[in-house]
Amino acid sequence: MRKALFLAAVMMASPASAADHPDFSGTWERYPPPGEKVDPRYAPTPIPDPPLKPEYKAEWQANQKKLQQRIEEGQPAGDNYVHCIPDGMPAMMMGMFPMEVFQRPEQINITQEAFTQVRRVYMNQTLPKWDEVDPSFYGASVGHWEGDTLVMETTGIKEDVRFRWTPHSGAMKITERMRLLAPDILSDQITVEDSYLEKPWVYSYSFRRMKDYKLQEYVCEDNREYVSEDGSQHLRIDKK
Amino acid sequence: MRLKTGVRLLVLPLAAATSAVPGSAHHSFAMFDNTRSVTLHGKVTAYQWTNPHSYLEIDAEDGKGGTKHYTMEMTSPNMLHRGGWSSRTVKPGDSVTAVMAPLRDGQPGGLLLELTLPNGTKMLPGVPNAQRYKVTS
Numbered sequence: 001m002r003k004a005l006f007l008a009a010v011m012m013a014s015p016a017s018a019a020d021h022p023d024f025s026g027t028w029e030r031y032p033p034p035g036e037k038v039d040p041r042y043a044p045t046p047i048p049d050p051p052l053k054p055e056y057k058a059e060w061q062a063n064q065k066k067l068q069q070r071i072e073e074g075q076p077a078g079d080n081y082v083h084c085i086p087d088g089m090p091a092m093m094m095g096m097f098p099m100e101v102f103q104r105p106e107q108i109n110i111t112q113e114a115f116t117q118v119r120r121v122y123m124n125q126t127l128p129k130w131d132e133v134d135p136s137f138y139g140a141s142v143g144h145w146e147g148d149t150l151v152m153e154t155t156g157i158k159e160d161v162r163f164r165w166t167p168h169s170g171a172m173k174i175t176e177r178m179r180l181l182a183p184d185i186l187s188d189q190i191t192v193e194d195s196y197l198e199k200p201w202v203y204s205y206s207f208r209r210m211k212d213y214k215l216q217e218y219v220c221e222d223n224r225e226y227v228s229e230d231g232s233q234h235l236r237i238d239k240k
Numbered sequence: 241m242r243l244k245t246g247v248r249l250l251v252l253p254l255a256a257a258t259s260a261v262p263g264s265a266h267h268s269f270a271m272f273d274n275t276r277s278v279t280l281h282g283k284v285t286a287y288q289w290t291n292p293h294s295y296l297e298i299d300a301e302d303g304k305g306g307t308k309h310y311t312m313e314m315t316s317p318n319m320l321h322r323g324g325w326s327s328r329t330v331k332p333g334d335s336v337t338a339v340m341a342p343l344r345d346g347q348p349g350g351l352l353l354e355l356t357l358p359n360g361t362k363m364l365p366g367v368p369n370a371q372r373y374k375v376t377s
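Just so you know, the sequences run in chain order A and B. Counting from 1, one number per residue, gives the positions in the first sequence under our numbering. Counting from 241, one number per residue, gives the positions in the second sequence under our numbering.
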């Protein structure tokens with residue numbers, strides 16, 4: 001009898017607790033879109049320079065100088081994109097193109113239209129140790145709910161998968177706090193922790209729900225652009 | 241702009257989609273000369289709907305009774321799609337007029353800035369910061 005009561009309680013509790021969580025399912029675009037005045041209530045937190053320790057900072061600054069110069073010259077910045085390679089974490093959350101969230105109680109998938117990048121966040125599991133997973137672009141992710149906030153933890157990112165050219169160790173950990181600021185506005189606060197950093201690197205993105213948008217396929221199948229040794233970019237012309 | 245109103249409406253969503261790229265885009269388009277344009281008339285030989293970029297290949301009239309082959313780069317299919325293009329917007333054999341920013345290195349190609357379809361419709365391919373490209377042809 002006691003067992004039956006317990007089962008009944010569990011059965012009642014499950015749907016109720018699922019309903020307690022906000023539903024992020026759907027398609028989202030970065031907010032504010034260019035040219036649109038931002039509602040200050042939903043403004044993302046600007047991304048500061050990574051708080052790198054002095055031993056890593058000098059090289060980063062030198063690279064930033066190079067990057068700035070390239071941008072001014074209109075040259076490619078040497079990002080993954082130029083080589084048709086996905087961003088990986090945490091860069092992929094920039095949402096260059098629309099993003100889709102698929103939410104189930106036990107798993108949440110986040111897909112970026114750009115390069116069809118997919119993250120799989122396993123709910124209520126323990127984050128594996130970084131040196132027990134094979135390093136990858138999107139890493140290993142687990143999640144849990146803290147009230148209305150989805151907390152996602154990620155580790156196991158390849159050392160050469162970098163955001164804004166920021167070096168990191170294999171032990172880098174990314175913690176995200178995702179919540180709705182309004183029914184159609186999603187916020188993702190990102191905290192990067194690593195031994196390369198003096199303190200956590202914290203910033204956020206905002207996203208706005210898109211009505212009736214279906215994500216498109218993105219397979220990088222024919223990259224005709226290449227960067228020559230002098231750093232300039234060229235196009236492979238179809239010789240006929 | 242010399243565009244029909246219906247087409248001009250395409251500019252906004254495209255510009256929005258394009259400049260949504262934070263910082264630098266997939267690439268900078270620096271290999272194209274934005275100080276001048278070249279207008280080509282000719283027949284489409286291929287329209288390639290691929291990532292990271294789509295391409296339009298045409299045999300353009302060279303003014304001497306012959307043709308010369310040109311390769312024109314466009315943006316990505318998802319951006320083109322959001323701007324009203326599809327994989328069937330043009331097809332091989334179509335007679336078109338293309339305005340492009342030519343490649344700086346002198347190869348026969350460029351960045352497609354505007355395409356006039358056989359039915360006269362002008363299409364804009366959503367070039368990032370399109371206003372920075374001078375149409376001189």
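No lab work stands behind these hints, which were simulated from the structure alone. Incorrect hints may appear among the rest.
What follows is a list of derived Cβ distance ranges for each label pair [to be verified]:
id, chain 1, residue 1, chain 2, residue 2, range
1, B, V375, A, H83, 28 to 34 Å
2, B, G305, A, D222, 28 to 34 Å
3, A, N63, B, K374, 28 to 34 Å
4, B, W289, A, L181, 35 to 41 Å
5, A, F102, B, K374, 40 to 46 Å
6, A, A171, B, R344, 24 to 30 Å
7, B, V375, A, P48, 38 to 44 Å
8, B, Q371, A, A58, 37 to 43 Å
9, B, G305, A, A62, 18 to 24 Å
List of simulated lysine to any residue pairs, SDA-like, C-alpha gap at most 20 Å [said to hold, decoys possible]:
id, chain 1, residue 1, chain 2, residue 2
10, B, K308, A, R236
11, A, K214, B, K308
12, A, K211, B, G324
13, A, K129, A, V151
From the three backbone atoms N, C-alpha and C, an ideal C-beta is built for every residue, glycine too.
Worksheet item: Are K308 of chain B and R236 of chain A close enough, with their CA atoms no more than 20 Å apart?
Response: Holds, because 17 Å separates the two Cα atoms, which is no more than 20 Å.
Worksheet item: Has the hinted range 37 to 43 Å been met by the Cβ atoms of Q371 of chain B and A58 of chain A?
Response: holds (38 Å)
Discussion item. Quick check: does the Cβ-Cβ distance between N63 of chain A and K374 of chain B fall within 28 to 34 Å?
Written reply: holds (33 Å)
Worksheet item: Should the hint that A171 of chain A and R344 of chain B are 24 to 30 Å apart at their CB atoms be regarded as holding?
Response: violated (44 Å)
Discussion item. Given the hint of 28 to 34 Å, is the C-beta distance from V375 of chain B to H83 of chain A inside that range or not?
Written reply: holds (31 Å)
Worksheet item: CB of W289 of chain B to CB of L181 of chain A, is that within 35 to 41 Å?
Response: Holds, since W289 of chain B and L181 of chain A (Cβ atoms, about 37 Å apart) stay within the stated range.
Fill in: Distance restraint between K211 of chain A and G324 of chain B, which requires alpha-carbon spacing of 20 Å or less
holds (17 Å)
Worksheet item: At the C-beta level, are G305 of chain B and D222 of chain A separated by a distance inside 28 to 34 Å?
Response: Between G305 of chain B and D222 of chain A, where Cβ atoms are some 33 Å apart, the hint holds.
Item to complete: Decide if the proposed pair is consistent with the structure: K214 of chain A and K308 of chain B, CA atoms, cutoff 20 Å inclusive.
Response: Not satisfied, since the Cα-Cα distance of roughly 39 Å exceeds 20 Å.
Item to complete: Could you check the hint for me, namely that F102 of chain A and K374 of chain B are 40 to 46 Å apart, CB to CB?
Response: holds (45 Å)
Worksheet entry | Restraint check for K129 of chain A with V151 of chain A, where alpha carbons must lie at most 20 Å apart | holds (17 Å)
Worksheet item: Between G305 of chain B and A62 of chain A, does the C-beta distance stay in 18 to 24 Å?
Response: Distance hint for G305 of chain B, A62 of chain A is violated at roughly 56 Å.
Of the numbered hints given earlier, the model fails hints 6, 9 and 11; all others are met.
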